[in-house]
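Read top to bottom, the protein sequences are chains A and B. Quick note, this note's numbering runs 5 ahead of the 1-based positions in the first sequence. Quick note, this note's numbering runs 5 ahead of the 1-based positions in the second sequence.
Heads up, a few of these hints could be off.
A pair holds if it fits inside one copy or across any two, identical chains being indistinguishable in the list.
Unchecked claim - Below, computed lysine-lysine pairings styled on DSSO-like, alpha-carbon distance capped at 30 Å: (1) Lys7 / Lys366; (2) Lys164 / Lys310; (3) Lys229 / Lys213; (4) Lys213 / Lys164; (5) Lys310 / Lys272; (6) Lys310 / Lys229; (7) Lys28 / Lys229; (8) Lys116 / Lys84; (9) Lys84 / Lys310.
FYI, nobody ran anything at the bench for these hints, they're computed from the structure.
2 protein chains.
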Amino acid sequence: MKEEFYIVQESEHNSLVSKAYQKRGFTESESNDAARFCSFASTHGVRTHNALKAIHLDELFGSGNNGCTPGAEIEVIEKNFEASEIWNCNKKLGQSVAYQAIERCIELADKYGVGQVSVDNAFHYLWGGGYVLDAANRGYIAYTNCTAGLAEVVPFMGKHPTLGTNPHSWGFPTTDSIGFPIVIDWATSVVAMGRVQQLKREGQPLPKNAAVDENGDPTTDPEKAAYLVPFGAHKGYGMALINEILASFIGGSLPTLRSREIPEGEKRTPSFYFQVIHPDAVSSEAFACGRNQQENVRAVIEDIKGHGNENIFLPGQDFAEAAARTKEAGGLLFSAAEIAEFNHLAEQISANPWDIQALPKFDK
Amino acid sequence: MKEEFYIVQESEHNSLVSKAYQKRGFTESESNDAARFCSFASTHGVRTHNALKAIHLDELFGSGNNGCTPGAEIEVIEKNFEASEIWNCNKKLGQSVAYQAIERCIELADKYGVGQVSVDNAFHYLWGGGYVLDAANRGYIAYTNCTAGLAEVVPFMGKHPTLGTNPHSWGFPTTDSIGFPIVIDWATSVVAMGRVQQLKREGQPLPKNAAVDENGDPTTDPEKAAYLVPFGAHKGYGMALINEILASFIGGSLPTLRSREIPEGEKRTPSFYFQVIHPDAVSSEAFACGRNQQENVRAVIEDIKGHGNENIFLPGQDFAEAAARTKEAGGLLFSAAEIAEFNHLAEQISANPWDIQALPKFDK
Chain A
6 MKEEFYIVQE SEHNSLVSKA YQKRGFTESE SNDAARFCSF ASTHGVRTHN
56 ALKAIHLDEL FGSGNNGCTP GAEIEVIEKN FEASEIWNCN KKLGQSVAYQ
106 AIERCIELAD KYGVGQVSVD NAFHYLWGGG YVLDAANRGY IAYTNCTAGL
156 AEVVPFMGKH PTLGTNPHSW GFPTTDSIGF PIVIDWATSV VAMGRVQQLK
206 REGQPLPKNA AVDENGDPTT DPEKAAYLVP FGAHKGYGMA LINEILASFI
256 GGSLPTLRSR EIPEGEKRTP SFYFQVIHPD AVSSEAFACG RNQQENVRAV
306 IEDIKGHGNE NIFLPGQDFA EAAARTKEAG GLLFSAAEIA EFNHLAEQIS
356 ANPWDIQALP KFDK
Chain B
6 MKEEFYIVQE SEHNSLVSKA YQKRGFTESE SNDAARFCSF ASTHGVRTHN
56 ALKAIHLDEL FGSGNNGCTP GAEIEVIEKN FEASEIWNCN KKLGQSVAYQ
106 AIERCIELAD KYGVGQVSVD NAFHYLWGGG YVLDAANRGY IAYTNCTAGL
156 AEVVPFMGKH PTLGTNPHSW GFPTTDSIGF PIVIDWATSV VAMGRVQQLK
206 REGQPLPKNA AVDENGDPTT DPEKAAYLVP FGAHKGYGMA LINEILASFI
256 GGSLPTLRSR EIPEGEKRTP SFYFQVIHPD AVSSEAFACG RNQQENVRAV
306 IEDIKGHGNE NIFLPGQDFA EAAARTKEAG GLLFSAAEIA EFNHLAEQIS
356 ANPWDIQALP KFDK
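Using the sequences provided together with the hints, build the complete structure.
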């Protein structure tokens, strides 16, 4: 049966989400950042990382559990590297930090061609792909990685989970070439723990080589699956390791302590890394056949998608297609189950629920 | 049967390799760069990318086939981005270009915290891992990628090879922490075409999901394998795409034309991208338990390798172990077959062959 979606006005959504964050102690500015970013995720069809997930995360690991401090101020750590900044964000809300970090990276990239912001004492920023997509929409090449909240992933050839699902996200400003930004954005585990739990509920087997049991032995049984496995054997393991190593240079501590009870003197916070590159700062200006940069990017992508490959998927295409649906609907799209959850949230904070009977359906 | 290795003095090796390059028309400086880098690869056990491979590549795609121009000069393209440079290297020898690019990135990183050099009109640089390992040995975080010579890889869900094997290489200065630099360095295909050819000679099947036949259908039969497949499904495909997209911003043209016959006005050259980060420029200086940065990196790696994971492999460990063997041997290690090939090369350029009877064996 086709899932039905209801159309919720962005302003309604943002008002509810901002109110929920303010109720949790966040400032108006932080709460608006959180709402804006959740709306951006929902606009792009990212149902695993919407406002419901964001608030759930804040409860489990954030302000509900001393992992995030409402109203915290970002301290810039003084260094003499002109294209780089290091921030102690003092466990400030991840969405506010990430928005500001990308903004600062863009300013640095405008001057230096490349700019980086490294963030210590971070809290979850929800969806790394969103920040690089935002930067790519504005014409920049952007990259971010972070250490995930929990160590759930077993290193290649290992037995025990000592790595996070550690995502990487790259965005490229290809809108003038192909109509949308290329966004390469994924965790370094084959699947997320949420997927394991979903398959467990549904009584379905896991994909092969996605999880191991408590002894570190491979299993496709979601009842036995205890830990996750990196994608692509030693190659995905290397990608997961990059985030941990970079975090260890920034200020992050032991992965197995992250978001958990810690001994005196230890740290349990994730780290963020952001980088933006100005596309003019990598351009030789000497493109074949007199093409300009965007025409050249288009020609290369058309070549990759040619020769019988017309039906291949370009990363970021799914986000663009979802954004087009959102635009056509004239509002954010949520299922009946999601709306019920939003209404449960509204009830908790004494806000007005959404009347599902009155919400228009989107049938395309 | 255990393979036997003979010890060749580095000076002997470099003298022969430099002479071979000079015979091919390269300047003394280029030839010495080529010899030094091949020696560095052999020191670190990289048998797939040694001097024999380098000269073979130069014959097939380089100065032997108008893909590389001996004595070419690098032109710096003037831009106003202070931490970035763009070079037209005019098909200069890849090893010389890469050595200079990493050097320039290090200077930029010393001042700006991060520095990048993008290179248009490039020729093969042999082994990206070597340059980032070199930078990591000198205390820097380094990254490089390039577009591979030929489009041999079929995009995820595609039929036709329109991507290179497009490697990525990251190096981290972890020697003070764990005794060697972490180096994450691999192609984005499951296997290289050389591996397919080797298994074909040996009559052995390919790993699953590593290759497709001429129709784009999966095969493990090396006789039928025509094209390669990215590692890790859509995730490895995304990694391969990064190199093509970045190259398209730099100045690279259609992947399917690379290193092949091209129509008038087209380009057939790969592109390089280099980036170096100063580790102080990402450091919050606020490490747990009063640790300094290198102590913190060590603590994180020990945590990852703890808890039953003591036997896991750290990327770069294989290079470090090979370098230790080379040091113990007091010279570069080559098999009898490799020495025969070096002697064939010596014969071609009228140099003295190595007397295998007189070479000491390394038996450890």
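Up to 30 Å CA-CA - Lys272 versus Lys310, copy category:
Cα proximity of Lys310 and Lys272: across copies only (19 Å, versus 46 Å in one copy).
If the cutoff is 30 Å on CA atoms, where do Lys310 and Lys229 land: within, between, both or neither? Let me know, please.
This pair counts as between: shortest inter-copy Cα distance 24 Å, intra-copy 41 Å.
If the cutoff is 30 Å on CA atoms, where do Lys116 and Lys84 land: within, between, both or neither? Let me know, please.
Cα proximity of Lys116 and Lys84: in one copy and across copies (18 Å, 11 Å).
With 30 Å as the alpha-carbon cut-off, assign the pair Lys213 and Lys164 to within, between, both or neither.
both (17 Å within a copy, 24 Å between copies)
Same-copy or cross-copy closeness of Lys164 to Lys310 [CA-CA at most 30 Å]:
Between copies, since 10 Å is at most 30 Å while 40 Å is not.
Within, between, both or neither: Lys28, Lys229 at alpha-carbon 30 Å:
neither (39 Å within a copy, 63 Å between copies)
Tell me, please, which holds for Lys229 and Lys213 at an alpha-carbon limit of 30 Å: within, between, both or neither?
both (13 Å within a copy, 26 Å between copies)
Under a CA distance limit of 30 Å, which applies to Lys84 and Lys310: within one copy, between copies, both, or neither?
neither (45 Å within a copy, 32 Å between copies)
What label fits Lys7 with Lys366 when the C-alpha limit is 30 Å: within, between, both, or neither?
within (13 Å within a copy, 70 Å between copies)
Hint compliance for this structure: hints 7, 9 are broken, all remaining hints hold.
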